[in-house]
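A.B. asks: Model the full assembly from the supplied sequences, consistent with the hints where possible.
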Amino acid sequence: MYSELVMQHFSNPHNVGVIEDADGVGKVGNPMCGDVMEMFIKVKDDRIDDVKFRTFGCGAAIATSSIATEMIKGQPLDEAVKLSNKAVAEALGGLPAQKMHCSNLAADAVRAAIEDYWGRQGKPAPEASEDDE
Amino acid sequence: MMEERRVLYLDHAATTSVHPQVVEAMLPYFGERYGNASSLHSLGREAREAVEQARADVGGILCCSPQEIVFTSCGTESDNLALRGVAWQNRRRGDHIITSSIEHHAVSHTLEQMERQFGFEVTYLPVDEYGQVDPADVERAITNTTILISIMYANNEVGTVEPISEIGRIAHSHGIPFHTDAVQGAGSLSLDVDELDVDLLSLSGHKFYAPKGVGVLYVREGVDLLPCQTGGGHENNRRSGTENVAEIVGLATALKLVEGWRDEESRRLAGLRDRLIEGVLSEVDHCALMGHPENRLPNNANIAFEYVEGEGILLGLDMEGIAASSGSACSTGSSDPSHVLLAMGVEPGMARGTVRLTLGHENTEEDVDRVLRVLPGIVERLRAMSPLYEG
Chain A
394 MYSELVMQHF SNPHNVGVIE DADGVGKVGN PMCGDVMEMF IKVKDDRIDD
444 VKFRTFGCGA AIATSSIATE MIKGQPLDEA VKLSNKAVAE ALGGLPAQKM
494 HCSNLAADAV RAAIEDYWGR QGKPAPEASE DDE
Chain B
12 MMEERRVLYL DHAATTSVHP QVVEAMLPYF GERYGNASSL HSLGREAREA
62 VEQARADVGG ILCCSPQEIV FTSCGTESDN LALRGVAWQN RRRGDHIITS
112 SIEHHAVSHT LEQMERQFGF EVTYLPVDEY GQVDPADVER AITNTTILIS
162 IMYANNEVGT VEPISEIGRI AHSHGIPFHT DAVQGAGSLS LDVDELDVDL
212 LSLSGHKFYA PKGVGVLYVR EGVDLLPCQT GGGHENNRRS GTENVAEIVG
262 LATALKLVEG WRDEESRRLA GLRDRLIEGV LSEVDHCALM GHPENRLPNN
312 ANIAFEYVEG EGILLGLDME GIAASSGSAC STGSSDPSHV LLAMGVEPGM
362 ARGTVRLTLG HENTEEDVDR VLRVLPGIVE RLRAMSPLYE G
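Protein chains in written order, with our numbering: chain A, 394 to 526; chain B, 12 to 402.
Please note that the accuracy of each hint is not assured.
List time: in silico DMTMM-like cross-link candidates among lysine to aspartate or glutamate, alpha-carbon distance up to 25 Å [claimed, not checked]: (1) A:LYS420 with A:ASP443; (2) A:LYS475 with A:ASP439; (3) A:LYS437 with A:GLU397; (4) A:LYS420 with B:GLU317; (5) B:LYS267 with B:GLU232; (6) A:LYS475 with A:ASP416; (7) A:LYS435 with B:GLU401; (8) A:LYS479 with A:ASP414; (9) A:LYS445 with B:GLU317; (10) A:LYS466 with A:ASP442; (11) A:LYS435 with A:GLU397; (12) A:LYS466 with A:ASP509; (13) A:LYS445 with B:GLU401; (14) B:LYS267 with B:GLU60; (15) A:LYS445 with A:ASP509; (16) A:LYS445 with B:GLU289; (17) A:LYS420 with B:GLU358; (18) B:LYS267 with B:ASP68; (19) B:LYS267 with B:GLU373; (20) A:LYS420 with B:GLU391; (21) A:LYS466 with A:ASP443; (22) B:LYS267 with B:ASP208; (23) A:LYS475 with A:GLU463; (24) A:LYS420 with B:GLU401.
For the record, the hints were derived by calculation from the structure and aren't laboratory data.
C.D. replies: Structure, rendered in structure tokens:
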């Protein structure tokens with residue numbers, strides 16, 4: 394059902410954990426009916442210096458979180474904030490159709506973390522990037 | 012061959028392997044005995060004899076007459092024939108059907124369609140926290156338009172066994188036909204239809220070491236069915252279609268086999284099941300057994316793990332070469348947790364973390380211990396990355 398790459402990220406996810414002194418935290422989802430993702434970022438010179446995640450969800454939810462952290466690490470914030478759920482799924486070589494809705498929230502969590510950072514800085518968030526949902 | 016990388020299979024409620032004795036019994040009917048059981052010539056007569064012997068064997072185990080056995084293509088078809096057949100046949104008498112809220116989809120989706128598309132009225136009875144129907148609720152739900160009651164024998168997800176003979180007595184005191192989906196019961200529980208007090212009973216061959224593609228519906232003499240599949244009038248006009256001779260022979264062989272070892276094997280499996288359940292509950296925090304602690308199938312262990320999603324555990328087990336199943340609907344493509352667990356009042360977050368391990372004839376104590384060696388680590392790894400878990 395899952396691609397080799399999804400299984401790799403599920404069995405050996407990158408950047409799992411919590412950043413205690415994070416500059417931005419994004420939390421999306423709801424445990425009652427879906428997955429929950431938490432994204433923690435450290436920011437340096439308007440770039441993502443470090444990122445960690447925690448996820449409650451199925452294999453796809455864990456794999457998308459993992460690859461999303463890889464995709465944004467070192468990226469300028471205004472690039473990282475444009476990450477879309479679709480791009481995350483594509484980077485994994487695709488996801489089963491039924492997983493696209495419920496388990497593909499990683500980009501939302503990234504955006505929430507960056508917006509949290511901007512909020513803390515007192516900067517107005519730039520226009521929300523277009524989402525694929 | 013396949014032996015090199017042996018999968019530890021703990022998903023016998025989903026399907027079983029075909030037992031070598033069953034394969035052997037079927038082989039001639041794929042080969043030299045290929046006749047159509049309706050044909051007059053010797054090949055046809057040979058096939059007819061095999062089908063009727065199988066019917067007599069199955070009837071012997073269900074303690075009914077061979078004529079009350081209808082061979083079908085699967086458990087789902089048996090359920091459909093029982094529900095649609097009895098409901099349409101009796102529609103002039105009434106349109107009310109009673110069932111439970113934890114039935115297999117072969118029953119629940121069939122009744123939902125009959126409700127939505129054809130105007131039948133269906134009562135879905137609640138269950139208690141262990142997944143049991145209260146027979147008193149059945150009695151209370153009966154009206155003068157009730158034409159059918161259908162309650163499963165044992166639940167496929169949580170393994171809870173329902174009080175079928177009590178419900179049967181109630182149904183019969185009101186003269187209402189009573190169907191039970193006994194698909195999970197064969198090989199574990201008695202299939203004596205008089206003891207159970209049922210009028211219709213569904214079985215599926217591949218749950219008890221026969222192949223996929225063959226099932227049984229027991230129909231008590233005097234219970235009329237409108238056939239759902241019409242044609243040449245096979246199966247005494249109840250289910251048309253050329254008999255699947257080889258698989259019918261396979262089903263009867265398998266049913267005799269599992270009935271022969273039932274007492275001993277049920278005790279053995281219950282011992283393994285309890286070792287598994289006790290092992291997991293003592294090794295892993297924040298988990299609970301789902302289903303009834305005593306009145307449950309001897310081979311079913313269903314455990315809910317808090318803070319993690321069932322699919323992650325299944326993938327983790329799969330990577331260790333262990334095949335299990337989950338009650339979490341994420342694995343089946345819907346984001347809702349299992350209707351069975353929700354009906355039992357299990358909190359949705361918890362219901363998403365369930366794993367079902369169902370034992371079978373080839374499993375040993377060593378298999379159980381292998382699960383106990385790896386499962387705690389898998390759960391721990393997933394919890395370490397769960398935002399819901401605070402350690």
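A.B. asks: Now tell me, hint by hint, if it's right for this structure.
C.D. replies: Results for each hint:
Pair hint LYS420 (chain A) plus ASP443 (chain A) holds up; C-alpha atoms about 17 Å apart against a cutoff of 25 Å. Between LYS475 (chain A) and ASP439 (chain A) the alpha-carbon distance is near 14 Å, which keeps this suggested pair within the 25 Å criterion. A C-alpha spacing of about 34 Å is found between LYS437 (chain A) and GLU397 (chain A), which places the hinted pair above 25 Å, so the restraint is violated. At most 25 Å may separate the alpha-carbon atoms for a hinted pair to count; LYS420 (chain A) and GLU317 (chain B) meet this at roughly 19 Å.
Taking the CA atoms of LYS267 (chain B) and GLU232 (chain B), the gap is near 23 Å; set against the 25 Å cutoff, the hint holds. Of the pairs offered as hints, the one joining LYS475 (chain A) and ASP416 (chain A) holds, with about 19 Å between alpha carbons and a cut-off of 25 Å not exceeded. For a cut-off of 25 Å, the pair hint linking LYS435 (chain A) to GLU401 (chain B) stands: about 22 Å separates their Cα positions. A C-alpha spacing of about 30 Å is found between LYS479 (chain A) and ASP414 (chain A), which places the hinted pair above 25 Å, so the restraint is violated.
Under the criterion of a C-alpha separation no larger than 25 Å, the hint pairing LYS445 (chain A) with GLU317 (chain B) is consistent with the structure, at around 22 Å. Using a Cα cut-off of 25 Å, the hinted pair LYS466 (chain A) and ASP442 (chain A) holds, with the two alpha carbons roughly 6 Å apart. Annotation: proposed proximity of LYS435 (chain A) to GLU397 (chain A) is violated, straight-line Cα distance about 30 Å (limit 25 Å). With a C-alpha separation of about 17 Å, the suggested pair LYS466 (chain A) and ASP509 (chain A) falls inside the 25 Å cut-off, and the hint holds.
For a cut-off of 25 Å, the pair hint linking LYS445 (chain A) to GLU401 (chain B) stands: about 16 Å separates their Cα positions. For the hint pairing LYS267 (chain B) with GLU60 (chain B), the CA-to-CA distance comes to about 18 Å; that is within 25 Å, so the pair holds. The suggested pairing of LYS445 (chain A) with ASP509 (chain A) holds, with an alpha-carbon distance near 15 Å, which does not exceed 25 Å. The hinted pair formed by LYS445 (chain A) and GLU289 (chain B) fails the criterion: a straight-line CA distance of about 36 Å is larger than 25 Å.
This hinted pair checks out: LYS420 (chain A) and GLU358 (chain B) have alpha carbons roughly 22 Å apart, not beyond 25 Å. Our distance criterion of 25 Å between C-alpha atoms is met by LYS267 (chain B) and ASP68 (chain B), whose separation comes to about 7 Å. With a C-alpha separation of about 17 Å, the suggested pairing of LYS267 (chain B) with GLU373 (chain B) holds against the 25 Å cut-off. Straight-line distance between C-alpha atoms of LYS420 (chain A) and GLU391 (chain B) comes to about 22 Å, which keeps the hinted pair within the 25 Å bound.
Only pairs whose Cα atoms come within 25 Å are accepted, and LYS466 (chain A) paired with ASP443 (chain A) is accepted, the gap being roughly 6 Å. Under the criterion of a C-alpha separation no larger than 25 Å, the hint pairing LYS267 (chain B) with ASP208 (chain B) is consistent with the structure, at around 22 Å. Proximity of LYS475 (chain A) to GLU463 (chain A) is assessed by CA-CA distance (about 15 Å); at most 25 Å being required, the pair is judged to hold. Between the alpha carbons of LYS420 (chain A) and GLU401 (chain B) the distance comes to roughly 16 Å, so the proposed pair stays at or under 25 Å and holds.
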